[in-house]
Amino acid sequence: MMFAEKASPSQRQLLMDRSRPGRRAATVPRRDVPAAPLHPVRWRRASLPLPEVSEGELVRYFVALSQRNYGVDSGFYPLGSCTMKYNPKWHDEMAALPGFAQLHPLQEEESAQGALRLMHDLQGYLADVTGLEAVSLCPAAGAGGELAGMLMIRAYHRARRDAQRAQVLIPDSAHGTNPASAAMAGFEVAHVPSDSDGNTDLEALRGMLSGRTAAFMVTMPNTLGLFEPRIAAACRLVHEAGGLVYGDGANLNAILGRAKLGELGFDIVHMNLHKTFSTPHGGGGPGAGPVAVARRLAPYLPEPQVARQGGVYHLARPRRSIGRLTAFHGNFGVLVRAWAYIRLMGAVGLRQVSENAVINANYLRVQLKDAYQLPYDRPCMHEVVLSASRQRAKGVRALDIAKRLIDYGFHPPTMYFPLIVPEALMIEPTETESKETLDAFIAALLAMAQEAEENPQLLQEAPHHTPISRLDEAKAARQPDLRWRPR
Amino acid sequence: MHPQNCYYSKEHEWLKLERDGTALVGITHYAQDQLGDVVFLALPSVGARLQQFQKLGEIESVKAVSGLFSPASGQVLEVNQQVLDKPELVNKEPYVRGWLLRLRLDDPGELKRLLSAQAYEDLLAGMGAPHTP
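Note that the protein sequences, when read in sequence, are chains A and B. Position one of the first sequence corresponds to residue 1 (our numbering), numbered consecutively onward. Position one of the second sequence corresponds to residue 1 (our numbering), numbered consecutively onward.
Just chain A, with the same shape it has in the complex (with noise of 0.2 Å):
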């Protein structure tokens, strides 16, 4: 990593450069149980150099890093298609109760009744949240829920003697998570092309669909925040021509409460607890990407379920189950924030979820739109897709206009995606953001496109404010330099 010259020396040293031969971070009590060999000589390393600090070293060390980090808890985090709302405390108190976090994985079903009966309730809110038949929580994220749903595809037209169909149909506009779980499963993937609306292409859909096409992946509003009136007319013709359809539920925050993918024609949908359910992303923890089905695939979905027999709970496989995707629910804590966040909202409160993430994201566009370009002039849903271009040719880029964000204390928003839209700013305010917090935000976007006019290297150079600078990101990923090594 480059540092800046703000960064000063101590603070750039590493774990492995504080260590000091003799000190300990941990006590390590008297042995009580007999000894017992560990694995052969010949499979263990002569020497392991580790760090040795104290505890408080080390604790400072990482507390240090801590504060150089930004999340949902520093500020707002406007990071299109990942739905960073703000994760209330309670879930965490939730997923903390000794009966849940002191669960092992090999407990007994019968003294584990009460996370089971969570479990079966859950799959049955989302299972309700998507007007679908069935559920299965055993994806670990969104992009493991890609695949346990591409798979199910595959299991299902063969089981029919159906498999020469082995290409799926994705919109240019797709979460790139989308081919490569289709790929993955081992399909071929062709890419539909979007009208000037940014709707996916009706006629060339149809022109595509034939007795190949094994599904049709489409993530619902789309990737540019926008509803696809004619959705429920495009399942239709892939239901005619055999295929089954896929919705990626990235973006299920826009409609949580008011449209049911089941009901427009979806055959198989995820969900990222982690965006929608308000549970925490990526370096906050596990995600978890359940797939709901309609009735016809529900023997397909991976294992375990959760089933109920006599009013007992217990984890079950469906009769012709594409298998395990992990071995344990080790995200286990992620389902109980999800429940506690639905038991707590309850049915209206979701529908005000997706109602205030629709009015946040049209009053960022209506705001926005005269200082930064609007690729597609519409209402949108629960996230605004803007474009840079305007600043371009002031040789200002999305890039620029990111780092330069950094400087009034925000999150940058997603850059360069959908990919169909050039210089792209992806923004998603969430439900959970005060109308100051996004008067504030708007403030910053408005300012920087005044200082993209009067001084571009401003931002070109950004951020000035952090304690490390603009980092080489090509050098980055061209020369990556990952190891500690002595010097």
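Derived by calculation from the structure, the hints in this document are not laboratory data. Worth double-checking, as some hints may not be accurate.
Stated by the list, open to error - The calculated lysine to aspartate or glutamate pairs, modelled on EDC-like cross-linking and capped at a C-alpha distance of 16 Å, are:
1. Lys63/B to Asp33/B
2. Lys86/B to Asp106/B
3. Lys369/A to Asp439/A
4. Lys55/B to Glu188/A
5. Lys63/B to Glu473/A
6. Lys475/A to Asp106/B
7. Lys475/A to Asp85/B
8. Lys394/A to Glu453/A
9. Lys16/B to Asp107/B
10. Lys55/B to Glu11/B
11. Lys475/A to Glu88/B
12. Lys86/B to Glu473/A
13. Lys16/B to Glu78/B
14. Lys260/A to Glu188/A
15. Lys10/B to Glu110/B
16. Lys63/B to Glu88/B
17. Lys10/B to Asp122/B
18. Lys63/B to Asp472/A
19. Lys16/B to Asp106/B
20. Lys86/B to Asp37/B
21. Lys260/A to Asp128/A
22. Lys16/B to Glu93/B
23. Lys260/A to Glu451/A
24. Lys89/A to Asp73/A
25. Lys475/A to Asp37/B
26. Lys394/A to Asp439/A
27. Lys394/A to Asp33/B
Fit chain B to the given chain A structure using the hints.
Just chain B, lined up with the frame of chain A:
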């Protein structure tokens, strides 16, 4: 900005006929500008056979991974090793040291399906592409 002595594809690749009858292939100035800093290239091996407008490999920039498509059918005679080591050559000199492959063309008649520099610039103008300096 787009040399007159090249043929262009709608997928933003260029093809230049050399005196010895072989053809060099690369990506256009517009393509490298849109991609931003190129960090990785996945190219076919010498001897591989390519079909016109079919995928030949991938190009990765700090922004995204994109497919590369062959502007003509033919056999790969040479891969630019220099550009594999220094992908930034694609950004700096897309038509000179940033070339990707040398091909032996199967059918020079296929070049009729490519665009002239003028037609390519018209295509970019139609896409609303910003005027590049």
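Can you give the numbers of the hints that this structure goes against, from lowest to highest? Violated hints: 2, 6, 14, 23 and 26; rest satisfied.
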